[in-house]
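Colleague: Here is what each chain is made of, one letter per residue.
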Amino acid sequence: QKEVEQNSGPLSVPEGAIASLNCTYSDRGSQSFFWYRQYSGKSPELIMSIYSNGDKEDGRFTAQLNKASQYVSLLIRDSQPSDSATYLCAVNMGTGNQFYFGTGTSLTVIP
Amino acid sequence: DAMVIQNPRYQVTQFGKPVTLSCSQTLNHNVMYWYQQKSSQAPKLLFHYYDKDFNNEADTPDNFQSRRPNTSFCFLDIRSPGLGDAAMYLCATSRSWGGYTFGSGTRLTVV
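In the order they appear, the protein sequences are chains U and P. Per the numbering used here, the very first residue in the first sequence carries number 1; after that it's consecutive. Per the numbering used here, the very first residue in the second sequence carries number 112; after that it's consecutive.
The set of hints was computed from the structure by calculation and includes no laboratory data. There could be a bad hint or two in this list.
Claimed, not checked - Computed cross-link-like contacts, PhoX-like style, restricted to lysine-lysine with a CA-CA straight-line distance of at most 25 Å:
{"#": "1", "chain 1": "P", "residue 1": "Lys155", "chain 2": "U", "residue 2": "Lys2"}
{"#": "2", "chain 1": "U", "residue 1": "Lys56", "chain 2": "U", "residue 2": "Lys67"}
{"#": "3", "chain 1": "U", "residue 1": "Lys42", "chain 2": "P", "residue 2": "Lys155"}
{"#": "4", "chain 1": "U", "residue 1": "Lys2", "chain 2": "U", "residue 2": "Lys67"}
{"#": "5", "chain 1": "P", "residue 1": "Lys149", "chain 2": "U", "residue 2": "Lys2"}
{"#": "6", "chain 1": "P", "residue 1": "Lys155", "chain 2": "P", "residue 2": "Lys128"}
{"#": "7", "chain 1": "P", "residue 1": "Lys163", "chain 2": "U", "residue 2": "Lys42"}
{"#": "8", "chain 1": "P", "residue 1": "Lys149", "chain 2": "P", "residue 2": "Lys128"}
{"#": "9", "chain 1": "P", "residue 1": "Lys155", "chain 2": "U", "residue 2": "Lys67"}
Unchecked claim - Which bits of chain U does chain P cover? Going by a derived footprint, with three or more residues having C-beta under 8 Å, they are:
{"#": "10", "segment": "42-49"}
{"#": "11", "segment": "94-103"}
Ideal Cβ placement from N, Cα and C applies to all residues, glycine included.
Bound conformation, chain P alone (with noise of 0.2 Å):
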């Protein structure tokens, strides 16, 4: 089945110590978000990739970045992760118009 797949479903890491989440997807959609959701909050957009080029939200702290290596992977890199960053991260898709598919998300705690 076609999807959006996000690795690894729960992920630990230490206070400043440098974490990169992975999303990939087999549904050949040519733009792909990241998402932050902390505990009954909204999915906070932070970026987003249309085909190669990066689009950045103007409140995504400098602490966050993206890679996407070609149109199946992308990456969400936080260098320096502080407590606050604890969330639910979450990749979707969509080709260049209409709804996403999401993947499982990424659940990040930051000890």
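One chain only, chain U, in its complex shape (with noise of 0.2 Å):
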């Protein structure tokens, strides 16, 4: 069985706090594991990618991987109203490139 799960929210942070997003997974052979930002409407555009756990920072975003746990996370700092939008946690399963998506989390940064 391929999951993942995520809390479908809505998380509501203020502008310039951090926002917490968590994904687990249901496959304990997963290697690569991805963020992806979906606004209405829109496709899924790719935010962060890991593969080593750990932490893992790009500008105001950092992803966080526990593979023991079968958990991964995405810290969005300093939060803008731009950042709205739902985050689409993507997982590796199976024998090849396929990635398996979450249900999102919506996030609102209040201005």
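Hints in hand, dock the two standalone chains.
Modeller: Structure (structure tokens):
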């Protein structure tokens, strides 16, 4: 069973705060993890990838991976109203480069 | 700019009337994917082509078919659309490993 679970939210944070988004997955053998941002009515946009346990930082975004706990998270520092979107967690499962998505967490950054 | 192009952006079809959605790419990626995304749900992988090799997800209905005549183009055929097939259909491409590039999607309405 290929499952990717996210808290659907909505998550609201004030401008300038840290937003924390979480994701768990079912396949212990998964090796690649991505975070996508999706604005309403638009297609997903890749914002972060992570492959190894620990933290990976890119600008205001930090991805955290714990394979033993089958858990991946995304932190958004200094949140901006333009960060308001749905954030999708995608996990590689199976023998190829197929990614399975969570239902997404809706984030609203309040000015 | 290298990109993934889906046509049309909006498609209205009649119940039971075959419909084809198209996707083209200039990225020269060897893997192409079709996802179905219904409102407030996760993108659901329907199938993908790894080069010329077709890979169907186990739970993809037989009503959905795909063709990839060359590296650049991929088509999604819905043989007899039902009301439950109304959704956003997302085409994505990737190299053998790594994140996806999504097209802008085709929103299908079935009347």
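Colleague: Run the structure past the numbered hints and jot down the numbers of the failing ones, going up.
Modeller: 7
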